[in-house]
Each structure stands twice: as C-alpha cells, then as structure tokens.
Amino acid sequence: MDGPKIFEKLKAAMPDAVMASGSFAGQDWVEVERGNSLSVLRLLRDDPDFSFDCLMDLTAVDWLNQGMPERFCVVYNLFSYRDKIYFRVKTWVPEEDPVVDSASGLWKSAPWAEREVFDLYGIEFEGHPNLKRLMLPEYYTGHPLRKDYPLTGAGERDHFQKYNRETGE
Amino acid sequence: MEVEKELEGDLGSRRMIINFGPQHPATHGTLRNLIELDGEIVTKLTPEIGYLHSGFEKLAEYRTYNQVVTITDRMNYLSPLSNNVGFAMAVEEMMGLKITPRCAAIRVVLSELSRIADHVLSVGLQAMDLGAFSVMLWTFIEREKLYDIFEAVTGARLTTSYTRIGGVFRDVPPDFEEMCRTFMGKCSKTIDEIESVLNENRIFLDRTKGVGKISREDAISFGLTGPLLRSCGVPRDIRKDRPYLGYEGYEFDIVTAEEGDVYARYEVRVGEMRQALRIVDQALAKMPKGPVNVDDPRVALPAKDAFNKPQGGMEGLIYHFKNYMFGHGVCPPKGEIYSSTEAPNGELGWYIVSDGTQKPWRMRVRPPSLYNYQAFPRMTEGKLLSDMVAVLSSLNVIAGELDR
Amino acid sequence: MGLESWMPEGVLTTSVEKVVNWARKSSLWPMPFGTACCAIELMATLASRYDLARFGAEVIRFSPRQSDLMIVSGRISLKMMPVLYKIWEQMPEPKWCISMGACASCGGIFDNYAMIQGVDRFIPVDVYVPGCPPRPESVIDAIMKVQEIVERDRLRPSPSKAG
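Residue numbers (this note's numbering), protein chains in the order written: chain C, 1 to 169; chain V, 1001 to 1404; chain L, 2001 to 2163.
These are calculated hints, taken from the structure and not from any lab test.
Label pairs and their calculated CB-CB ranges: (1) C:Arg82 <-> V:Thr1070: 33 to 41 Å; (2) C:Gly22 <-> L:Glu2137: 51 to 59 Å; (3) V:Glu1040 <-> L:Pro2130: 42 to 50 Å; (4) V:Leu1137 <-> C:Gly22: 47 to 55 Å; (5) C:Pro69 <-> V:Gly1131: 52 to 60 Å; (6) V:Leu1137 <-> C:Asp46: 47 to 55 Å; (7) V:Pro1025 <-> C:Arg82: 41 to 49 Å; (8) C:Phe24 <-> V:Gln1067: 21 to 29 Å; (9) V:Lys1286 <-> C:Gly22: 32 to 40 Å; (10) V:Arg1216 <-> L:Glu2058: 44 to 52 Å.
Glycine included, C-beta positions come from ideal geometry on N, C-alpha and C.
Using the sequences and the hints given, assemble the complete structure.
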C-alpha cells in the first residue's frame, strides 16, 4: 500500500475530511480538514489496510505570509511496522483559533510532542491530559518558534538574580 | 504543585516526594524527575525536561544549510558524526543529489565508529551507575582512541562538523585505514573484557534482569526506536529496511533480544558494537577511490587551485563567488522531506521544509531521546527506587538531543 | 567560617597564609556543573588519559557543600540558571569558578532567546576557558591558573552569610 493508494482509499472512506494530497522527493502526504483530523488518524491506525501503529513525529510549521491556506500546519509523520512505510498527514490551523484535537488517546508517543508544539507555537490540543509547557519555564510568555518572534527573545535571558562576591548574596 | 498540597496534612506517613535532578550524579544530563514514593516503591514519576533547551530549530532558520551542520553536532554530542551525516543526507535527498561512492564509504566508516563511541560510553555509564567504576574508565580510553581518529580526519575531537551538502569537508588522511584497523583490534579486546566483567556478575545480573521491562506493543506505541526497540524483539533497523549510503552492500546482523529489560538493552548495545566493527572492516576493504565531493557547481565548491590556473581559472572564481551570494549556493527546491537514519540512540529523523532559499524554512529534528524518555514512567512506576537509576542509565537519554 | 574567623584582623603572618594557600590549591575539589558537550570533555579530563586527580582534584562528589571549585561546563538555558545560582550559593566560601567553553563564557554559537549569554552576568567567574569544546589540556591549564589565583589569595574575613 503506497502513498497514492492510501490517499485514494482515504478519500473513498472519508470524502469530506480529506482535502488534498501532495508529493515531493518520493514522499507522499495528505491534507485533512481540522475538524476531522482525529477520525482520519484513527482510521489510519485501526484499519487493517493501513495499520499505522506508530506516530514517529508530530510537529508544526509556521507559514506566515507565504500564501498558504492558513498560518499553521500541524504535521503527523506516521509509520507502519507491518508494511514498513511512512506517511504524512497535515492539518491547517488558523491563527485566530489555534486549536486541534489531540492524538494522545491514539498513540502514546503523542503527549510530549503536543506539549512541545503548544510550548513553541501556541497551538492548543483539545483533550490533552496535561497541556503545559515542556521546554521553556512556566512563567515564560510568548511562543518562540513563531516567525514573528525575534531570535534573541524579548529580554528574558537578561533578568536573573546576580551574585555579589563582596556581600555574598 | 498539586501533589504537594495533597501531602500537607500527611507528615507522619511513608509517602514523600523526592526531587531527582537536574543536578545529580546519576542523571546523565540535565533531567529532572519528581518521584512520589511510598516507602521505597515509586508510585508516580513525573519527568521534567527543558533544562538544556537551546533553540536549535529557531537558530537553524537563520543559517544556511552548510552552516546548520555546525549546529547539528551539538545535539547528540556523544556521536556528532551521525548527526552530521543524517542532516547532509536529508538535504541531499531533497535536492536529488547522488554522492560519490568514496564519500558514501567514508560516511559509513565514520558513522559506525561514532556508533561504537556512543554505545561504549553508554555501557560504561550504565556500569558506573551500578557500581563498576573501572568499566567507565576503560570505555573512556576507547573513546580517547576514537577521538584521535576523528581529530586526524575532521580536525576536532568532539564537534566535528564534517559533512557538507554533496560531500565531506576533506578527504581522509592516507593512514586512515591503518589507524582504524589498529583501533578495531584493541576495541574488540576491550569489549571482551567488559563482557567478562559484567555478563556473569551476580550484582549486575540482579540489578538488571527483569528490571525496567516494557512490552512490545507499548514500545511501538511510545515510538521507541533503536536498541530499546530491538531489545523488545522487534527487528527494526533502518539500515536494513531502507538502506542508505550503500548499507545494502555490507553484511551485518540486526541484534535483538527478547525480554525488553535493562540487561537486554545492554546485550543489544554490546552486540551492535561488534556488528559495527564488522561493517567498518568491510567498508575499509571496499573503500573506492575517486573524488569525495559531488561535481556539481551549485553545491560543491570548486577545487582551490581552480582560480590560480590561467585557463579556466576565472570560471572557478566565479562559481566560488556565486556559491556564497544570496540566492545561490545550496538552495533546495521548494518542498519538504522527512528523512531518517539509524543513529546510535534510535531513529534520528529530519523534517526539513525548504522555501527555495539558502536557509531552511523549518528544520525539525525528531529526537530519539524524547520518545525514549517519555516511556520512562511506564518502566518504573510500581517498582523500587534503586531500579529507577538502572533504568535511566539504560535509556541513554542525551539532554542535548532531548531538549534541542 | 574557617581560619579567617578566629584570626584577629591585623595579625596575619605571611607564612600561615602561604601554608593555607598551598593546602587549598593542592586539593581543589571541583564541582562539575556539566550540562552539554563540554561536560563530555570534562569527563575526558577526569578520565585516565588527562588525569585531573594528579592536581589534587581526586574527589568529584557532585555535592556543592563539599567542593570549592565550580566548573560550569556547557550551555546554560533559561530554566537552568536558577539551578546554577542555587548551587553556587550552596557552596561554602572560599570558592572559585571556572567557566569552561564558549557557551558558558559568552553564549557561544547560541545567541538566541533560550541561552544565557555568559554565566558571568550572574555569578562571578575567575577563569574563562575558550573553545568549543576546549581540549582537556586547556581545562588543565585553567585549573593551574586557578591554583595561581588561590596562591595569591590573602586571608581575609569571608563575606558569606553563614560566617
């Protein structure tokens, strides 16, 4: 079962969820609608034709000002141990309402990856058991990996307690 | 924290919370674990990471593709050459470049040597955590010998930054094969010594057999890869399933074990070191002659004496100049790719999105340590506190890769 | 605490100073605050080939209360800085600090939102070691420079809060 066949079967099974497909350098992906992303992923995991039993990676891309359908794109890289193939599922997430259904119930590798995406992009995952920041401190505000966040940050790295050798505090 | 409020009125009980890390001799790197204990049994374990978050992915968006290679060294700092090779391969796949056979053979030799470096240190630290300190000193001597080889080839001991898109930095020195073969002879003796100390040691066996077990289904669902997955009995190795760099031409076995506990992981790592020595032997014997860099002016710099020659010199100068100008140089076409290699820790994946310019639009590293560490609570909850240390050292969590 | 507190000011004999400084410099117990790649090079310095134990640094106990030299090796991120500060505060006087590598000294190649641009912005550093990572020989050179600093040290009332 390779990329184009998976796309056809998905389109036949869930015609209103699947929006487009793409291919580059021999790799295929499918773009699904935000509201139905969880059902598509569940189908890909459970259906015996697909059996994608491993979520290899979950990440997001910020397409600010590039003419894409929405600003953010959440990308799921799936892998099937039975057929040894990779497949990619992409969901477009708008900037005004960055919420997507969480895949933590489907694969055990999802929780931390989703926390990281929330931390660095600000995309919220509905149904996540513990959506807190992962990489940055709790008090941090802002989502650094967004394209409009400056590389050197907003001054958080300069404000810590300073030790005075003369007085010892 | 919520869990502290729960215990407030409960001072006379056996339940307590211990903070393990981020500064602790037994955590390999900056990891923090909050352990809730009931006597000596771990009831709940909450890992907290991010103490080494260095913003690699944001930094990569501001560097050209060849400059990103220097960043990739600092992720898995026990085997930086694997990272370099993986990244260069991902971009080359995106551009559709085919590297020369000599370059492929050199990359294979160095990847396998860095696999030995990573596994030997992992086994050494695992032994040190359980009390066998001398094993760690022996493994460090092996690493020093490898550092000598890496320094002769790349110029640096640890942060090698050796590969470039389309080739490598420079060809290996003439005595490379001799250095490697001397190392290989001594390394197999050291591995034999380590096995003789640890394999039948009562203390080591008691502390590692049956400890930290994880089932095969859990391992697949958690996204575990590398020695952790193979120790559960899943024969998954990217070098066999989707061969790259000419691995289909080398003969080696996939080392698996059945139990999925700490001892199985140790066995798999030692077995992989021996297989890596086999591959290095074959690659050195087969090392083809020829150029190391691909002959493509878009990507590789022309030879240094190209612009000193009177004829054709001007062209070399122009290509050299253009390679660094904005809009030229290594510019993959617009698109995205997910490419992965079998790093010592597991599947190191690279998801690179290119917008056609010199700098990547998004570079995402799929760190094997993140997914390996996520399964840690599953392996330790309900077990003893001292087992936790043994399991943590068997996971080989490298904080640079975990937090990026 | 220690010697300085019961020697009244003004009655400092140079030979006592010399002996005390010689004892202190020959048994510097380091506290390796290793985070990243430099920590691996520090471990290589402590291992058999570039043995740091010959400089008196035999005891690597990872406990701040029992050490007098902190070697900050590796990059320090936002989350790690309060931890570093706490560990530095927990060390008793007299204490010295080596900032090993480019990341600890000035931020290194990581000039971004997540990295402290040099630990000397927040804790006092005595010796900086350049390199990414520095070779073990450079680290040994840094330890010897700290030994020179300790040798020149005058016995004076220590400023620690406990003393």
